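**Q** Given next are the chains, with one letter for each unit.
Number of protein chains: 2
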Amino acid sequence: MSFQEKVENYANLAVRVGVNIQKGQTLFVRAPLFAADFVRLVAKKAYEAGAKHVRVEWSDEELTKMKFELAPDEAFDEYPNWQAKALEEEADNNAAFLSITGGNPDLLKDADPDRVARANKAAGMALDTFRRYIQSDKVSWSIVAVPTVSWAEKVFPDAKGEEAVTKLWEAIFAATRINETDPVAAWKQHLATLDEKRNKLNEHHFHALHYKGKGTDLTIELPETHIWTSGGSTSNAGIDFVANMPTEEVFSAAKKDGVNGTVISTKPLNYGGTLITNFTLTFKNGKVVDFSAERGEETLKRLLDSDEGARYIGEVALVPHRSPISDTNLIFYNTLFDENASNHLALGSAYAFNIEGGKTMSPEELEKNGLNQSITHVDFMMGAADMDIDGVDKDGNRVPVFRNGDWAI
Amino acid sequence: MSFQEKVENYANLAVRVGVNIQKGQTLFVRAPLFAADFVRLVAKKAYEAGAKHVRVEWSDEELTKMKFELAPDEAFDEYPNWQAKALEEEADNNAAFLSITGGNPDLLKDADPDRVARANKAAGMALDTFRRYIQSDKVSWSIVAVPTVSWAEKVFPDAKGEEAVTKLWEAIFAATRINETDPVAAWKQHLATLDEKRNKLNEHHFHALHYKGKGTDLTIELPETHIWTSGGSTSNAGIDFVANMPTEEVFSAAKKDGVNGTVISTKPLNYGGTLITNFTLTFKNGKVVDFSAERGEETLKRLLDSDEGARYIGEVALVPHRSPISDTNLIFYNTLFDENASNHLALGSAYAFNIEGGKTMSPEELEKNGLNQSITHVDFMMGAADMDIDGVDKDGNRVPVFRNGDWAI
Ligand SMILES: [Zn+2]
Ligand SMILES: [Zn+2]
Ligand SMILES: [Zn+2]
Ligand SMILES: [Zn+2]
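In order, the protein sequence lines correspond to chains E and A. So the first sequence is residues 1 to 409, counted in my numbering. So the second sequence is residues 1 to 409, counted in my numbering.
Treat the hints with care, as some may be off.
Since the list gives no way to pick one copy over another, a pair counts as held whenever it fits inside one copy or between any two copies.
Below, computed lysine-lysine pairings styled on BS3-like, alpha-carbon distance capped at 27 Å [unchecked claim]: (1) Lys-65 / Lys-6; (2) Lys-301 / Lys-109; (3) Lys-287 / Lys-301; (4) Lys-65 / Lys-23; (5) Lys-301 / Lys-284; (6) Lys-85 / Lys-138; (7) Lys-160 / Lys-359.
In case anyone wonders, no lab produced these hints; they're calculated from the structure. No experiment lies behind these values; they were computed from the predicted model shown.
Take the sequences, apply the hints, and build the full model.
**A** Here you go:
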């Protein structure tokens, strides 16, 4: 397959499997300017699949960076109302949403962390309704990646410019099964495998998970009515979609006040353009009561201070240490890839669909059923090759769920 | 001055003189992707001048063209509500608006003219409120240009690629007085000269103008309370701005039912990506009752059929045949430049500020006072080197306003 064919297959996969665009539907793309060529490919595939509109909310890394450098202080507490309404209006009209990631992981490394935290908070608050739409699968949505030079050189420090970009594209193709003869079929089969693990976890219906690894000793209780889900989702309109490409995870919600112990991160976390590395979190009755980080501790502190819910765990995701992603042996410095090569947890809000009847519950009802609510949802990686996880029932009986970083169930 | 310095001066001029950005104000830029580098320069100048936010509504020529080719038919009657609201919300918050033009003049030449007309109409209707804001100087706004290869090769058919682009940049610099030692000062002086002509026309307060030129014999009555304005404007907040860069015009409104005779266009009109050339319009009591075009007649017909007001004249603009723009001896195939090198008229809505008290009148009141209302406003060029214009008072007395294409007043 030529490089161009692979890129086209990737665009096609995003449209057909990722958001699974339907005839007459609008595709709403959120993309950085550097991804323009890819966005045009996506648009072409979408129109060919019957999309009515392809609309793009473009962003520009250089303008973002410039703003943190040059704008006056009061700029960082504001997020335009119309920009939030745009997403809500398109969602209400049953649009599908595709986000494109892949920017410079160090974009905001020199920006004032206070400004970054305030901007993230303003966005989080403005996008509250839309985030709830996403987190209850109201609409179909997906995330794919397009490499920039800065990202590629971070992943491949020995390569330069276009050479690094090409290497990163190839890693993305490998991680997203684009090199298979029929990527769409390969994805269907992969999703079925994830569904099988999901079904087993749902049958066991554990009371808690106990994680043991170097630096990690953590117990996470699960809500009474929790549901495990996997990469494949279904929107309110009944359309199957895949929110993350790649996806290797089977995930559920934590019981908000049922997390105890200590966890250590095992991959760098890229949070809004700043990297946080080698950090530990200590939980008591669900809440982070202590933390430290080798790099980005100030950013981590601000993340934890976003709101009350930012100190609690929303999502619990199981990911084997071996997968096409981890077989690349790369740290991607991009959550879309790194979280799908590692067991991970998310600080912040839980997915409503991870408990019975959650999709139609109010925020208060979700909270009452043990699901954390927050303006933020940030996945961090804590899986490792030596990690063991036990499933624990109400009486304390244990079943191996993971052994040495891989599925044991 | 180096090329880069000139581009920076142009960006600076757009920010300082064009929209005249104020401390704490938001700059809202509407720009095509190809202008990204220039937009970043503009943003830098704007932040340096104290702007709080620089927000960009990006568009992409390739996606636009693709949509006309591939989207289903029903797509062309829809314009997103949120996109119109974005402009209104920013205007209500006193943002300044900068539009960047310069795309391929032939972008939509192969598109279905019915689709193009419907898309223009849907946009015109959705943007009605914002257009009223603009046409009553509620906010400060400006238009500048950034060349694409396709545009540059159209203007310079003997040059190719970057060579043509450089030539077009130099023509833009010449037309916008960027080559002067102090462009901002040169602009102030130029605007004062235009103001002088404007004042004379307001003192005369003609009942009508009578245009004579090869193929043109046209009488345009002016509203009882008409006001002549020139390039420099003032927003509701009291901020001076220059809506078009370049601008060479002194303009007012036509009396809706007071236009009679025939006019021939003297430069190609680029209407939404289609060129209309060598067209004539015949008016009776204000309305276009006959028309023909050498090229783009179907597009012209659809423009005239946009709504009832599209067959009436809104704006009457006087522009000398000699100016830095016409001294370039180029046809720009872009209204921003061509209209400022030629007497022109606009089909469609009139500017509310072109009659006394108009800024605060309702559409109905404006209409009652002789001002045409429409979802469209399209300038077309009809000036020529041989053109004479007389100002006529109520008793039929004549004063020379233009002789041989230049001011005589
Ligand atoms: Zn996850
Ligand atoms: Zn997550
Ligand atoms: Zn004009
Ligand atoms: Zn005009």
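**Q** Now tell me if each hint is right for this structure.
**A** Results for each hint:
Within a single copy, Lys-65 and Lys-6 get their C-alpha atoms only as close as 31 Å, which misses the 27 Å cut-off; across copies the closest is 24 Å, which meets it. Taking CA atoms no more than 27 Å apart as the test, Lys-301 paired with Lys-109 passes inside one copy only; the shortest distance there is 15 Å, against 56 Å between copies. With identical chains, the CA atoms of Lys-287 and Lys-301 are at most 27 Å apart within one copy only, with a shortest distance of 14 Å there and 68 Å across copies. Proximity of Lys-65 to Lys-23 under the C-alpha cut-off of 27 Å is restricted to the inter-copy arrangement: shortest distance 20 Å between copies versus 38 Å within a copy.
In this homomeric assembly, Lys-301 and Lys-284 come within 27 Å of each other (Cα to Cα) only inside a single copy, at 17 Å, whereas the closest approach across copies is 73 Å. For the identical chains of this complex, Lys-85 and Lys-138 are neighbours both inside a copy (16 Å) and across copies (24 Å), given an alpha-carbon limit of 27 Å. In this assembly of identical chains, Lys-160 and Lys-359 lie within 27 Å of each other by CA distance neither inside one copy nor across copies; the values are 46 Å within and 58 Å between.
Of the numbered hints listed earlier, the single one contradicted by the structure is hint 7.
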